[in-house]
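> Keeping their order, the protein sequence lines are chains A and B. Just so we're aligned, residue 18 is where the first sequence starts under this note's numbering, counting upward by one. Just so we're aligned, residue 418 is where the second sequence starts under this note's numbering, counting upward by one.
Derived from the structure by calculation, the hints contain no laboratory data. All values reported here derive from a predicted model rather than from experimental measurement. Careful: at least some of the hints might be erroneous.
Some chain A residues flagged as far from chain B (calculated, every beta-carbon gap over 12 Å) [to be verified]: (1) 30; (2) 31; (3) 46; (4) 55; (5) 96; (6) 97; (7) 99; (8) 127.
Interface residues of chain B toward chain A, partial, derived using beta-carbon atoms under 7 Å [as the list claims (entries may be wrong)]: (9) 459; (10) 465; (11) 489; (12) 507; (13) 524; (14) 525; (15) 526; (16) 527; (17) 530.
Even for Gly, the Cβ is constructed at its ideal location relative to N, Cα and C.
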Amino acid sequence: DAKTTQPTSMDCAEGRAANLPCNHSTISGNEYVYWYRQIHSQGPQYIIHGLKNNETNEMASLIITEDRKSSTLILPHATLRDTAVYYCIVRVGGTGGFKTIFGAGTRLFVKA
Amino acid sequence: NAGVTQTPKFQVLKTGQSMTLQCAQDMNHEYMSWYRQDPGMGLRLIHYSVGAGITDQGEVPNGYNVSRSTTEDFPLRLLSAAPSQTSVYFCASSSRTSGDYTGELFFGEGSRLTVL
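One chain only, chain B, in its complex shape:
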């Protein structure tokens, strides 16, 4: 049971390049989300999904796209990278319902992105 797995862990991009951050979970969680964390700051919600085929915007969605074709995967796409997108990106997942449901979010280890 790997939990939430993010790849890559580190990435350097040039301005204008596109890329996809991958997130996969093996806990059969319905809910998945992406956050970004700038240095010395808290986490800000980018996009989230409450199930396959359903996504919605968070606090800072501009410049990012998501899709949820399977329960397991929730990739985050940067369409045209900008230096302002230099950040650490965290993916999280949670079970929607369970017998002793706590609403606990499980986080990945993060993907550190630098845009030059």
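So that you can see chain A by itself, here it is in the shape it has in the complex:
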């Protein structure tokens, strides 16, 4: 699976959009981009995933560049409860989470 690079930490004002970047320059054509987050010491929670097209769900939007070498997770209106560690992962899809490797992630601080 391709490796990812994320900033160690980011700040965001409450109510503003949080834009979390991820570089995955060695991504293969059949690898998906996944985002998870971990609030405090809970188990990670799935947010969103995509292959080529931009995706949106009730939690967030995922923007993938045309060359697929980077992506951005957007939380449109960040709240204090969005303070968490966000993990960007790339892996082959359709294999049930087969050997999913997590990196260090980005620690997002949402401030009032």
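Fit chain B to the given chain A structure using the hints.
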């Protein structure tokens, strides 16, 4: 539907003791895995299984054994506990295929292990 259940939630061991962390899921998921998370660090994959009777090593398998005799259960055994194994352990599961498959991993609440 309980999802992924881990027991115990907390455990203190002495160096050299052995124990088993239990993980059970009731979603009929084929894929299960174990991660450990040290303070301030990301998750590291210990072992994983793609179905009953099939297991494989992850990033940090040394000192741990697993088996998968049923679809529901995936226990993690510490053979001879060491202080370096002090960590939070997470179990996760995922469906291998489904109609609207997303590859979503479902995590348990974690088991906090301290080895003295």
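> Compare the structure with each hint and give your call.
Hint by hint, here is what the structure shows:
1. For residue 30 of chain A, the condition that its CB be more than 12 Å from all CB atoms of chain B holds, with the nearest at approximately 25 Å.
2. The beta carbon of residue 31 of chain A is kept farther than 12 Å from every beta carbon of chain B, the shortest such distance being approximately 24 Å.
3. A cut-off of 12 Å between C-beta atoms confirms that residue 46 of chain A is not in contact with chain B; the least separation is 17 Å.
4. Residue-level check failed: residue 55 of chain A sits 8 Å from the nearest beta carbon of chain B, not beyond 12 Å.
5. No Cβ of chain B approaches the Cβ of residue 96 of chain A within 12 Å, the least distance being about 22 Å, so the stated non-interface status holds.
6. The Cβ of residue 97 of chain A lies farther than 12 Å from every Cβ of chain B, with a closest approach of about 21 Å, so its non-interface assignment holds.
7. Under the 12 Å C-beta cut-off, the non-interface status given to residue 99 of chain A relative to chain B holds; the minimum distance is some 18 Å.
8. No beta-carbon of chain B comes within 12 Å of the beta-carbon of residue 127 of chain A; the shortest separation is about 19 Å.
9. The restraint placing residue 459 of chain B at the interface with chain A holds, with a minimum CB-CB distance near 4 Å, inside the 7 Å limit.
10. Evaluation of the residue 465 of chain B hint against chain A yields a held restraint, the C-beta minimum of about 6 Å falling below 7 Å.
11. A cut of 7 Å between beta carbons decides the hint on residue 489 of chain B: the least distance to chain A is about 15 Å, and the hint is violated.
12. Below 7 Å, beta-carbon pairs count as interface contacts, and residue 507 of chain B has one with chain A at about 5 Å; its hint therefore holds.
13. For residue 524 of chain B, the shortest C-beta to C-beta distance to chain A is roughly 3 Å, which falls under 7 Å, so the interface hint holds.
14. Checking residue 525 of chain B against chain A: minimum C-beta separation of about 6 Å stays under 7 Å; hint holds.
15. Satisfaction of the interface hint for residue 526 of chain B is found here, the shortest Cβ-Cβ separation to chain A being roughly 6 Å, below the 7 Å cut-off.
16. Interface restraint check for residue 527 of chain B: the shortest CB-CB distance to chain A comes to about 6 Å, inside 7 Å, so the restraint holds.
17. Interface hint at residue 530 of chain B: violated, since its Cβ lies 13 Å from the closest Cβ of chain A, which is beyond the 7 Å cut-off.
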